[in-house]
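Participant: Residue numbers (the working numbering), protein chains in the order written: chain C, 999 to 1154; chain R, 181 to 434.
Just so you know, these hints were derived from the structure itself, not from any lab.
Careful: at least some of the hints might be erroneous.
[As the list claims (entries may be wrong)] Which residues of chain R face chain C? A few of them, derived with a C-beta cut under 8 Å, are: (1) Glu-189; (2) Leu-193; (3) Leu-224; (4) Ser-232; (5) Leu-233; (6) Ala-236; (7) Pro-240; (8) Ser-244; (9) Arg-247; (10) Leu-248; (11) Ala-251.
Values in this document were obtained by computation on a predicted structure and should not be read as measured data.
All residues carry an ideal CB built from backbone N, CA and C; glycine is no exception.
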Amino acid sequence: MAELYDRYSAVVYSVSLRVLGDTGAAEDVLQEVFLQLWRNPDLFDASRGNLAPWLAVIARNRSIDVLRKRRPETDVEDVLVSVEPDMAGDADRAMAMTKVRTVLGDMPAAQRSALEMAYFEGLSHSEISAKTGEPLGTVKTRIRTGLLTLRKAFET
Amino acid sequence: MSGHEQFAEDLALLALGSLQGDGRQTLEKHLQECASCRRELESLRGDLALLSLSTAGSKPPSRSRERLITAIAREPRRAASAPRRFWWTPVPWFAAAALALVVVFMARQNSALRQQIAAMQSDAATQQVELQRAHEIVSTLTASDALRVTLVAAKAPPQPQGKAIYVRDRSSLIFIASNMPAAPSQKAYELWLIPTSGAPIPAGVFKPDAHGSATVVNPPLPSGVEAKAFAITIEPEYGSTTPTMPIVMLGSGE
Chain C
999 MAELYDRYSA VVYSVSLRVL GDTGAAEDVL QEVFLQLWRN PDLFDASRGN
1049 LAPWLAVIAR NRSIDVLRKR RPETDVEDVL VSVEPDMAGD ADRAMAMTKV
1099 RTVLGDMPAA QRSALEMAYF EGLSHSEISA KTGEPLGTVK TRIRTGLLTL
1149 RKAFET
Chain R
181 MSGHEQFAED LALLALGSLQ GDGRQTLEKH LQECASCRRE LESLRGDLAL
231 LSLSTAGSKP PSRSRERLIT AIAREPRRAA SAPRRFWWTP VPWFAAAALA
281 LVVVFMARQN SALRQQIAAM QSDAATQQVE LQRAHEIVST LTASDALRVT
331 LVAAKAPPQP QGKAIYVRDR SSLIFIASNM PAAPSQKAYE LWLIPTSGAP
381 IPAGVFKPDA HGSATVVNPP LPSGVEAKAF AITIEPEYGS TTPTMPIVML
431 GSGE
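Could you put the whole structure together from the sequences, leaning on the hints where they help?
Facilitator: In C-alpha cells, the structure reads:
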C-alpha cells in the first residue's frame, strides 16, 4: 500500500485539491480513497485498465460528494474506467499531463469552461446552462465533444 | 455506440455523475442490455481521467503518508471491515473449530506424505545400487579391452567356444564367444535360439574381434521361450531369419 501511495497519491491529491480548493479537505479525500482501497483491494478490477485513471475518477467523484456535502453516490465497484494511454509510470503520466494541458489550451474557451465546470465543480448541465445563459443542448454537446477531443488526441 | 447516438450526450453526463431523473433511469436500463454503450461509458470515464491529469503536480504533505500508515495500523483486520460478509462471520467459534480440524487433517496428510517420500527415497537408493552392479557386470562382459581367457585341459590346443546364459522369464540372453576364427568376407556369425518346439529364433549377429572374442547381450527375443539349445551358423553380414546350414557350433542346456 505504501508503494501504491507513493506512486499515485499525487494524482488523487491534485484532483481533490482542484475540486475542493482546500488542502485539509483534499488530504481527507486522499486518506479515504487509499483506506478504501486497502480495506478492499478487489474494488479495482485490474483487468479493465491501470490504477491511476481509476483512482483519479474515484477521487474526483468523492471530492464532488464532499463539495456538495452529500453521501457517496456511486458505488466504486461499479466504476470501470477505460483509457488509451498507459499511466502506470511517472514518465507516462507526465507526458499525458502535458498533452492534456495542450489539448485543453487549444480548445475553444466556452468548451473548455463547460468541461471544467462539469468535472471540477460538479455542476450539472442545467446549472452550467443557467450560469452561462447558453441552451441546455449546447452545453451537453460541448461537454461530450470536449471529452471526445481529449480521447482523439491520445488515439493518434 | 453506433445506432445509439440518442444516448451519446447522456452517457457523458452519466460519467460525470450529473444525469438525474428519468434520463438516468432510462439510460441505466439501456446499459444493462447494451455492451457497446457500457464500453463507451468506460471510455468516457477514461476521458475524464485524462482531464484529471490537467491538475496533476500537487504532492500531498508528508504527514498524509504517516496519517494513512497510522490509520492502516489501527484497522482491526482487513477481512473484518471488508464489505463482503461471509456466512461464518456470526459464528467465529465454528470457523475456529473448522480451522482446527483442517489443521489436524493437514498435519496427518503431511506426516503420511513424509513417510511416503522416505520410503521412495530408500527404494530409489536400493535400485541405484542394484543398477550400478548390473551396469558393472555388463560393462565387464562387453568391454572391448577385457582380457578373455578360456581355460582348457593342459596341452590341448585352444578351441572355438561359446557360452550362452539365458533366463527365459526375462527373455535375457548373454552370449560370450572366444577363440573364434574370423568370419568369411561379407559374412558374420549368427546365434540361434533353438526352442523346444518350432523354428530356430535369430538371437543376434556378431563378428569376433582380432582375438577371436565376441559378445551378444540381450538381443531382441520373444518372451518366455523355452530354449532347447543354442547354435551358430555363418550368415550374410546383416543376418538371416532362417539358419543356413551347416551349424558351426551347437550347445544344449544341461
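Participant: If a hint holds in the structure, say so; if it does not, say that too.
Facilitator: Consistency of the hints with the structure:
1. The closest approach between the C-beta of Glu-189/R and any C-beta of chain C is roughly 4 Å, which is under the 8 Å cut-off, so the hint is satisfied.
2. Taking 8 Å as the C-beta cut-off, the interface hint given for Leu-193/R holds, the closest approach to chain C being about 6 Å.
3. Below 8 Å, beta-carbon pairs count as interface contacts, and Leu-224/R has one with chain C at about 6 Å; its hint therefore holds.
4. Nearest Cβ of chain C to the Cβ of Ser-232/R: about 4 Å, under the 8 Å cut. The hint holds.
5. Because the smallest distance between the Cβ of Leu-233/R and any Cβ of chain C comes to about 4 Å, under 8 Å, the interface hint for this residue holds.
6. Given the 8 Å rule on beta carbons, the hint for Ala-236/R holds: about 5 Å separates it from the nearest Cβ of chain C.
7. With its C-beta approaching chain C no nearer than about 4 Å, Pro-240/R sits inside the 8 Å limit, and its interface hint holds.
8. A distance limit of 8 Å between C-beta atoms decides the matter here; for Ser-244/R the minimum to chain C is near 5 Å, and the interface restraint holds.
9. Here the hint on Arg-247/R is kept, as its CB sits about 6 Å from the closest CB of chain C, short of 8 Å.
10. Look at Leu-248/R: its Cβ gets to within about 5 Å of chain C, closer than 8 Å, so that hint holds up.
11. With its C-beta approaching chain C no nearer than about 6 Å, Ala-251/R sits inside the 8 Å limit, and its interface hint holds.
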